[in-house]
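**Student:** Single-letter residue listing:
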Amino acid sequence: MLGFKKLSLLLTAGLMNFSATAFAAYGLNMPVGVSPLSASMHHLHMTMLWVCIGIGIIVFGIMTYAIIKHRKSKGHQAANFHENTHVEIIWTVIPFIILIVMAIPATKTLIEMNDTKAADLTIKVTGYRWYWHYDYLDEALDFFSHPSTTQEEINNLVAKDEHYNLAVDQHLVVPINKKIRFAFTSNDVIHAWWVPQLGVKKDAVPGFITESWTIIKEPGIYRGQCAELCGAGHAYMPIVVEAKTQADYETWLVEQKTPKNPS
Amino acid sequence: MTSHDMTADDAHHHGPSKKGILRWVTTTNHKDIGTMYLVFSFIMFFVGGSMAMVIRAELFQPGMQIVPAETFNMLTTMHGLIMVFGFIMPVFVGLANWMIPLMIGAPDMALPRMNNWSFWILPVAGTILISTMFMQGGGPNFGWTFYAPLSTTFAPKSTDYFIFAIHLLGMSSIMGSINVIVTIFNMRAPKMRLIDMPIFVWTWLITAFLIIAVMPVLAGTVTMMLMDRNFGTSFFNAAGGGDPVLFQHLFWFFGHPEVYIIILPAFGIVSEIIPTFARKKLFGRMSMIYALTAIAFLSFIVWAHHMFMTGLPLAASMFFMYATMLIAVPTGVKVFNWVATIYRGCLTFETPMLFSLAFVVLFTIGGFTGLMLSLIPSDVQYHDTYFVVGHFHYVLVPGSLFSVFAAIYYWLPKWTGHMYNETLAKFHFWISVISVNLTFFPMHFLGLAGMPRRIPDYALQFTDFNQIVSIGAFIFGAAQLIFVYIVIQAMRGKGPKATAHVWEGSHGLEWTVPSPAPYHTFSEPPTQIERH
Ligand SMILES: [Cu+2]
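For the record, the sequence lines run as chains B and E. Following my numbering, the numbering of the first sequence begins with 58 at its first residue and continues without gaps. Following my numbering, the numbering of the second sequence begins with 40 at its first residue and continues without gaps.
A portion of the hints provided could be inaccurate.
Pair ranges (Cβ atoms, derived) [to be verified]:
| id | chain 1 | residue 1 | chain 2 | residue 2 | range |
| --- | --- | --- | --- | --- | --- |
| 1 | E | Pro146 | B | Lys165 | 58 to 66 angstroms |
| 2 | B | Thr302 | E | Phe336 | 48 to 56 angstroms |
| 3 | B | Ile157 | E | Gly279 | 54 to 62 angstroms |
| 4 | E | Tyr558 | B | Met103 | 54 to 62 angstroms |
| 5 | B | Ile157 | E | Asp503 | 36 to 44 angstroms |
| 6 | B | Lys314 | E | Phe99 | 42 to 50 angstroms |
No wet-lab data here; the hints were simulated from the structure. For every residue, glycine included, the Cβ atom is placed at its ideal position computed from N, Cα and C.
For reference, chain E alone in the conformation it holds in the complex (with noise of 0.2 angstroms):
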């Protein structure tokens, strides 16, 4: 007995085993590994950000000011990539990995060396894809949809360094993946029952198998890509009997789940965040997951939505249309149990409500637009358009980011010990939520206008909405600066000391350690736990 509690006393006041920059290279410990994939995320974030500023810039005006076409298009290009995969999705990895072993009761995650491997491959995928834009002939410039031919026959050379950099990107998913499932199943406190488990935990498990499902799909699809560019095979090239849509059927059947890897993180975040200030129980709870559970699977059966256009048999379009449409339900559901959350609660407004609560409304917005696209009729006229990139920056930006922002803010006194200065961050939620609007709302009115999206230069009808939509993605992008100092200023302990608990409102396993959570934690697993 006495041994055991000197291991368990022992391992709480264990700090990391190496000191400066090999702590990090060869570390196993969930909290630090979360903090490599947040850190090199935002890095991503940045780069993927001031390309967008640079794309804002060119469309200020009709005519060609600040890049050449191609520049354009590679930059429209390296911003989605960078974003979806080099930003977002490491993001949550981050947010899972310093998280899920917290709200579990688990001492780490399952496969700390594995762990450590899939973060350090991102950095190395990262520099490829980067590193591209510098080779003779220019980077990708094909979308980040990649769509072939123009991605196979008539791409630049790098784009084999493309390829090999989206192969180590999914490797290092199909492994973070592995690893949260595994630790999920295998490493719960031993009185938590799956469905005890914080929806934000459910919807990282359901992730997961997104993610094993269609990272390899996405990896066959761009080893055919390779074929085609070197091996003289014709998978998408009609005049060796190939099909060029083919390619999109395969892309977008990792494409679409791929939609859901990127959002139902957020909806676990603001699960979460909204009952701890609403000092209410979460609504639903069993419907949530039900609804988590049924967008998954109908994220299967909706890839070729996006390909209206290609000239889809009918019955096809008719299946694709209609299974579309149903995923409004569940989705509809979930907004519901969060507006029911609120209702009658005693609600407070820190800035992590805030911004769930801006996600909870335009969320909802982008939801809207996408039911108008799953419209076949509708969307011959939306598809390709500004409308489109208004609905999926709904979705991602004031959706996915938002969220991010909130759960930061939310964990940040956990991880630093340290309050943030809940002002400033008001004052970033506010002139972040304006300038988004301000950003994306027009450009739903410039694809119903007609104006197609992914080009440098318009017809002159388009200049005014361009021109605001410029104006609040510099406002937007600026306001990001703010964030940096808050979370700097947190890590720096300048704000007040956080208790254990945080919130008023607060429930779960995380906040019964202290702030700033020790390096080990949970050695000993807990046995509080809440039944649901």
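Chain B extracted, bound-state conformation (with noise of 0.2 angstroms):
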């Protein structure tokens, strides 16, 4: 009868454990990422987390006990009591305390995602179905961005590569440790726009322009993936991010804006 029970308690068990360490090395917790919001959005996931393991300690425990000592077939006599205001109010309002202390950093984080003042360069992102466009607006630059998983891949008709599903013919190329704003917006229907590393999400709206921002502190390449459903070819809609110093930036800026020999 305690199957469930253990079950359950060995998946929470299993959940520290994952979240802990193990599972930090196959990318299968949330990702600390390269941004200081990133960072903080992993804090807040982390903290939560633990705070309702422990619920789920104190609860799943007192089943358990329950479970184990007050059956019938252990001869025990069912008590008689039904209400307690005591315990009542004291099980209301432990938990309106702890979601006030966790309301506190999370109003915090979400205050500092919503400032997207300041920012050392803006780019203009437009979903289309399915690819994505970027328009760095301070430059005279601006490209589309495909997918380049080939339908073979895709058909099981080759191997897949690496980064099969995840990689796109044009990075967009960022400089690092710089405050980038972007604003999105899109040509069809709602997309989104998620890169996990980066802690941004944000919904790519026909006709109305949503911001987000973020400070890339490590060069690197970050993939996402379109986030909203936008029709048949929602799950081919990769993002890829390539993040480089100022120094290597710039040369890349000026690659992109000299005309390419046409010979």
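Hints are included, so try docking the two chains, each in its own frame, into the full complex.
**Tutor:** Dropping the structure here:
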């Protein structure tokens, strides 16, 4: 009879292990990411996870105890209580206090997230079915970014690339340690631009502009996907962000602006 | 006096007035209609379930194998719509039809003809909805939340039929709810005050008000879609001065209370079953009712927590985040009350109890992830991922669905007059509870690792967990055939005969009538009412 209690405890215990160490290596917990915001998000996630695990251990622990000890087959007689004002007030008030304690850091990060002012550069991101368009508003530069996973790979005709479904022809190249403001919109239906490592997810709504920002702390390649159902190609709408040092970024900018030799 | 006794006696021995198919088409009997609701909803359960099986088969490996992307999107959409509107809502109406009159000592529902009508709309609406899959251009493929403009400008032609089906389903639910409310207010046994009503009846009273409040909003929303699609309006079209996000506000103003419409009756069911098998009164009965009311109220002011990524203003974000977090308080009270009810009880573990205890644990896990989702900063990383899929399936499958199993095992002896096969039922329970966790727990990891929801194909690092999920889903799906077998055997009278009381610890009026419950019950109102 106890199997499912044990199972749920096991799962909870498993969750602790996974989240702490083992699965971090396999990328199966929320990533800490490379921006201050993604780190705050991760921190909040872990805190709330531990709060839930704590409450879970207490509640499921008491249940397990009752299920083991207070069964008829052990000759246990039912007690007669069915209310207790003190206990009921306590278990209303304590969760309330926990929530207030949790709301404080959440609000702090939320306010930060919404502060898109004083950005070093702005990139306008437009969703299309099913690719992205990037427009560097401070530079005379814009381009499309199409998925580069081939139809043969999708149809299992050839071996799949390491970055299957997460590769594009043109990376969105950005500098590190700069506040990048994103302005999202869409050309057709609602899409959502999501790169977990940057801590950015925002809907791209046709006819409207939504905003988000990030500061990337480390150079590298960060991958994400469209996160709002947008039709048949929704699964094939990856995002690749390449963060470079300021110097490398500037070299890249110059390269991009130099007209390609048509010869 | 004599004539009065005779009519009462007469009524007790009366069966259905018509035989064969006409009995079911013309019936106004709450038990017949309840049975039809239950049968219909379980047919829908297996239709929606087989779609889930195809979805999981496609997701067993990266790459496209079984169905093309458009079909996949259609299957996820229809799976959601069928499970929500075709299964969970009607199955609870079926239980309400069967049990509310028996639990409050009423001879039938207050509006029996409307009851017949509200049922018979359902198969019509269901047929229209399912038929869209075979229409030119395919069926709805925009997710069960059908966000505009994907569901308006970019949707297949069949969407107009989908809109019509939603209108019909809404009418059916509204009529069913009116019936529940009128029955509860007017047909209770004379000595039963509202406060004396069983908790299941209480949850349905509140659910019925929620349905009446929000179904018209859904009807309005789909009508606006219809106008946008066919009559040149631009409610949801920015090019014409409209706003796609307005659609989401309207949808979730319906959609969030809807979430409680499909969980409150589950709360009621486990609140009936746990005291029975703990042989102890429900702990904190009054606080249960307050918590229910609080949850119902809060459900109207949290809708935008489904829209945290749409670019809400800061003040609105804060309001909806705090209001959402607040739901944890009354929900916590309910869980604590259930635990306190089993504490120092005299527990036995018949199948209804097993499903109810699993409900308490697994619904609570769904509640925990719900709490995590309420924090906007971390929601950035959860929103529209498999973390959310895991969250709401925990609430709906080992939540609502397990409560339905619990209810059916609990009341089946009353309906059929025969006990179900307990050994087989326990087997059904164990295999379900293990496979349900195998199916839905790894989804949380997938979401956290970055897998978006509603995709037919995924990056290679998600493969292992998707395979575990798929295997769990196949086992869970197959296990439900055992359930059908168990129920049919009991209906065919295979098990031992059930007593009127059925369970040692059962309380309430439904256990005072014989098993099986006669075609007409409480032609004379009961006089012995338990006071609270
Ligand atoms: Cu998209």
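**Student:** The structure should be examined with respect to each hint, and the outcome stated for every one.
**Tutor:** To see whether the hints hold, each was checked on the structure:
1. A hinted range of 58 to 66 angstroms holds for the C-beta pair Pro146 of chain E and Lys165 of chain B, which are about 60 angstroms apart.
2. In this structure the supplied range 48 to 56 angstroms holds for Thr302 of chain B paired with Phe336 of chain E, their Cβ-Cβ distance being about 54 angstroms.
3. Between Ile157 of chain B and Gly279 of chain E, the C-beta spacing of about 44 angstroms breaks the proposed range 54 to 62 angstroms.
4. Judged by the Cβ atoms, the range 54 to 62 angstroms given for Tyr558 of chain E and Met103 of chain B holds: they are separated by roughly 59 angstroms.
5. The hint said 36 to 44 angstroms for the Cβ distance between Ile157 of chain B and Asp503 of chain E, and at roughly 39 angstroms that hint holds.
6. Our hint of 42 to 50 angstroms for Lys314 of chain B and Phe99 of chain E holds, since their Cβ atoms are close to 47 angstroms apart.
Comparing the model with each earlier hint shows a violation of hint 3 alone; every other hint is respected.
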